[in-house]
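Protein chains: 2
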Amino acid sequence: MAKVNRQITLAARPVGFPKVSDFHLVYSPVPSPGEGEVLVRSVYLSLDPYMRGRMNAAESYARPVAIGEVMTGGAVASVVESRHADFYAGDFVEGMLGWQEYAIARGHELRKIDPGLAPVSTALGVLGMPGLTAYFGLLDICDPQPGETVVVSGAAGAVGMIAGQIAKIKGCRVVGVAGSDAKISWLLDDLGFDGAFNYKTVEDSYGTLMELCPAGIDVYFDNVGGTISDAVLRLINAKARISVCGQISQYNLEEPEMGPRWLGQLVLKQAKVQGFLVTGYAQRFPIGLRQLAKWLNQGKLKYREEVAQGIEAAPQAFIGMLQGRNQGKQLVQLS
Amino acid sequence: MAKVNRQITLAARPVGFPKVSDFHLVYSPVPSPGEGEVLVRSVYLSLDPYMRGRMNAAESYARPVAIGEVMTGGAVASVVESRHADFYAGDFVEGMLGWQEYAIARGHELRKIDPGLAPVSTALGVLGMPGLTAYFGLLDICDPQPGETVVVSGAAGAVGMIAGQIAKIKGCRVVGVAGSDAKISWLLDDLGFDGAFNYKTVEDSYGTLMELCPAGIDVYFDNVGGTISDAVLRLINAKARISVCGQISQYNLEEPEMGPRWLGQLVLKQAKVQGFLVTGYAQRFPIGLRQLAKWLNQGKLKYREEVAQGIEAAPQAFIGMLQGRNQGKQLVQLS
Numbered sequence: 001m002a003k004v005n006r007q008i009t010l011a012a013r014p015v016g017f018p019k020v021s022d023f024h025l026v027y028s029p030v031p032s033p034g035e036g037e038v039l040v041r042s043v044y045l046s047l048d049p050y051m052r053g054r055m056n057a058a059e060s061y062a063r064p065v066a067i068g069e070v071m072t073g074g075a076v077a078s079v080v081e082s083r084h085a086d087f088y089a090g091d092f093v094e095g096m097l098g099w100q101e102y103a104i105a106r107g108h109e110l111r112k113i114d115p116g117l118a119p120v121s122t123a124l125g126v127l128g129m130p131g132l133t134a135y136f137g138l139l140d141i142c143d144p145q146p147g148e149t150v151v152v153s154g155a156a157g158a159v160g161m162i163a164g165q166i167a168k169i170k171g172c173r174v175v176g177v178a179g180s181d182a183k184i185s186w187l188l189d190d191l192g193f194d195g196a197f198n199y200k201t202v203e204d205s206y207g208t209l210m211e212l213c214p215a216g217i218d219v220y221f222d223n224v225g226g227t228i229s230d231a232v233l234r235l236i237n238a239k240a241r242i243s244v245c246g247q248i249s250q251y252n253l254e255e256p257e258m259g260p261r262w263l264g265q266l267v268l269k270q271a272k273v274q275g276f277l278v279t280g281y282a283q284r285f286p287i288g289l290r291q292l293a294k295w296l297n298q299g300k301l302k303y304r305e306e307v308a309q310g311i312e313a314a315p316q317a318f319i320g321m322l323q324g325r326n327q328g329k330q331l332v333q334l335s
Numbered sequence: 336m337a338k339v340n341r342q343i344t345l346a347a348r349p350v351g352f353p354k355v356s357d358f359h360l361v362y363s364p365v366p367s368p369g370e371g372e373v374l375v376r377s378v379y380l381s382l383d384p385y386m387r388g389r390m391n392a393a394e395s396y397a398r399p400v401a402i403g404e405v406m407t408g409g410a411v412a413s414v415v416e417s418r419h420a421d422f423y424a425g426d427f428v429e430g431m432l433g434w435q436e437y438a439i440a441r442g443h444e445l446r447k448i449d450p451g452l453a454p455v456s457t458a459l460g461v462l463g464m465p466g467l468t469a470y471f472g473l474l475d476i477c478d479p480q481p482g483e484t485v486v487v488s489g490a491a492g493a494v495g496m497i498a499g500q501i502a503k504i505k506g507c508r509v510v511g512v513a514g515s516d517a518k519i520s521w522l523l524d525d526l527g528f529d530g531a532f533n534y535k536t537v538e539d540s541y542g543t544l545m546e547l548c549p550a551g552i553d554v555y556f557d558n559v560g561g562t563i564s565d566a567v568l569r570l571i572n573a574k575a576r577i578s579v580c581g582q583i584s585q586y587n588l589e590e591p592e593m594g595p596r597w598l599g600q601l602v603l604k605q606a607k608v609q610g611f612l613v614t615g616y617a618q619r620f621p622i623g624l625r626q627l628a629k630w631l632n633q634g635k636l637k638y639r640e641e642v643a644q645g646i647e648a649a650p651q652a653f654i655g656m657l658q659g660r661n662q663g664k665q666l667v668q669l670s
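The listed protein sequences derive, respectively, from chains A and B.
Quick note: the first sequence uses my numbering, first residue 1, plus one each step.
Quick note: the second sequence uses my numbering, first residue 336, plus one each step.
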């Protein structure tokens, strides 16, 4: 009897916030690898904000997921059967394997993971795409200097927590913005942020930021956008650098949001705003991973994971992540 | 009998667009230079958009002009009397001399001009602050490459006309946005822009830009902001670079204007937006001036001046410039 592969497909394009009914759980036979291919069974599936964009019909930097197609996503997997010379059954790998239990991949699409180096789930977090996103987005675009003030929005998320800690390693004063008191405590007590606040409960983000950043803001690492960014922009110092990683506050809006214009502020402050995709740094991934692993092993980088159980839990966990309900990197553990 | 110095002072802080009554014409005695100082008589006064910011009470990157104080501004002047070893009567100089006929300056505040090199008025235009602004703002921030599409807003203004021509020198396809048909003809027929349109008369700036930039927009040099920038932002290519020089559309608003949020677009396009002040490049001014003078003498840079007559004409000419009525660099010739 053929084994069964459970997959999550896109059932409908969401209007505003995705609903569980925008996804389907489907069953298909586990495929066999062709020449040069590898059959893998996923252990952890990564859930990330960028996936919301792939659910839209509009082409952006990547092809949208088609209706009925398996949702796109990174995963850590173990090799079941290999017809590629570089991989053996039992190897751990990471790749864009989709929201499914089994996948076929070509060898060059997979990155081999050393399970002795760190828990394999970190290949989807601090030692994977989120870690690299924080590393290059902060260091390459903002070049934070000792004593500078760095603000991170989405500071307790998979990318933000690493960005803030790298800024601490670089000797900066780091202030985090997040959406729950538990997240704020974690940033302050466990990650050593110099300041943090819950934007959902403070009355005045601008005033709070001003208090927490008495010397102004030199660097802003933005995962969220919207009114938090508006407040930060008013407080930037001369020669400020702003790295735009994501805009999760805007992804589920049914109508585009308007905001204050601030190009004039960029002129007055001789400031830079730069958007980026981590894929733009692909050639330097090995350098970034080596440094992140070193910091991790030195105890300078901490991380936190929120793990949902079973592929059927992925849609709800994804929606929860878009709502900020996760505490740390959102994963789905597949049995 | 002491000679009379006619000066324009700030009479009132404008609300919205400045009015002629926001300025005063006052008479004072021509002062005498102290040790190390130079008495100059201005020949051309420069009128520039940044002066609008100095009329506000708010501190920005520079001190505001106080009520009753002579308006700030650059000018070309001839030396009347020198008590500084580097200057002689009859020398031409450029400096921040204010809206007045005579001024006292210290030697290090003045730049000597060679009247044999080019008409002395160019020290306020192509071979002065506007030229340097275009040079560094375009080349340093955007690094335009041959074949790329460059859009310039305020393209017929003192800075825009130079920025567009430098982009042409660099082998780019250059599209200008300006506010009158006469300006558009000049950009297309005299400066050799590849495309240009009058944003005041086209129905759809976005559609027009899309037609004129069939390969998308790689570089945007922005003097204007507002809805023109909104349209440009929708059409940028991957890795686009945006240099923000000014935001003249916003300077006279009584209420801050809202606009569509586009940080998300910067992420998708891995694009950069950088504001700048030309003073940030002061150490490299000699390099910039040398290159601009070379291009000017090679006939590769053209310019146009709008010259008002007499210090008393300065307020109206300034207001006209903010309204876009000038054809080229706005100067006031002092008798």
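Careful, some of the hints might be misleading.
[Stated by the list, open to error] The list that follows gives simulated cross-link-like pairs (lysine-lysine, PhoX-like), each with its CA atoms no further than 25 Å apart:
{"no.": "1", "chain 1": "A", "residue 1": "LYS294", "chain 2": "A", "residue 2": "LYS168"}
{"no.": "2", "chain 1": "A", "residue 1": "LYS112", "chain 2": "A", "residue 2": "LYS294"}
{"no.": "3", "chain 1": "B", "residue 1": "LYS505", "chain 2": "A", "residue 2": "LYS272"}
{"no.": "4", "chain 1": "A", "residue 1": "LYS300", "chain 2": "A", "residue 2": "LYS170"}
{"no.": "5", "chain 1": "B", "residue 1": "LYS574", "chain 2": "A", "residue 2": "LYS272"}
{"no.": "6", "chain 1": "B", "residue 1": "LYS607", "chain 2": "A", "residue 2": "LYS239"}
{"no.": "7", "chain 1": "B", "residue 1": "LYS574", "chain 2": "A", "residue 2": "LYS239"}
{"no.": "8", "chain 1": "A", "residue 1": "LYS168", "chain 2": "A", "residue 2": "LYS3"}
{"no.": "9", "chain 1": "B", "residue 1": "LYS574", "chain 2": "B", "residue 2": "LYS503"}
{"no.": "10", "chain 1": "B", "residue 1": "LYS447", "chain 2": "B", "residue 2": "LYS505"}
{"no.": "11", "chain 1": "B", "residue 1": "LYS503", "chain 2": "A", "residue 2": "LYS170"}
{"no.": "12", "chain 1": "A", "residue 1": "LYS272", "chain 2": "B", "residue 2": "LYS637"}
{"no.": "13", "chain 1": "B", "residue 1": "LYS505", "chain 2": "B", "residue 2": "LYS637"}
No lab work stands behind these hints, which were simulated from the structure alone.
This one's a predicted model, so the numbers in the text were calculated from it and none came from an experiment.
Verification of the supplied hints:
no., hint, result
1, A:LYS294 / A:LYS168, "holds, 15 Å"
2, A:LYS112 / A:LYS294, "holds, 18 Å"
3, B:LYS505 / A:LYS272, "holds, 24 Å"
4, A:LYS300 / A:LYS170, "holds, 11 Å"
5, B:LYS574 / A:LYS272, "holds, 14 Å"
6, B:LYS607 / A:LYS239, "holds, 14 Å"
7, B:LYS574 / A:LYS239, "holds, 21 Å"
8, A:LYS168 / A:LYS3, "violated, 48 Å"
9, B:LYS574 / B:LYS503, "holds, 20 Å"
10, B:LYS447 / B:LYS505, "violated, 30 Å"
11, B:LYS503 / A:LYS170, "violated, 42 Å"
12, A:LYS272 / B:LYS637, "violated, 31 Å"
13, B:LYS505 / B:LYS637, "holds, 15 Å"
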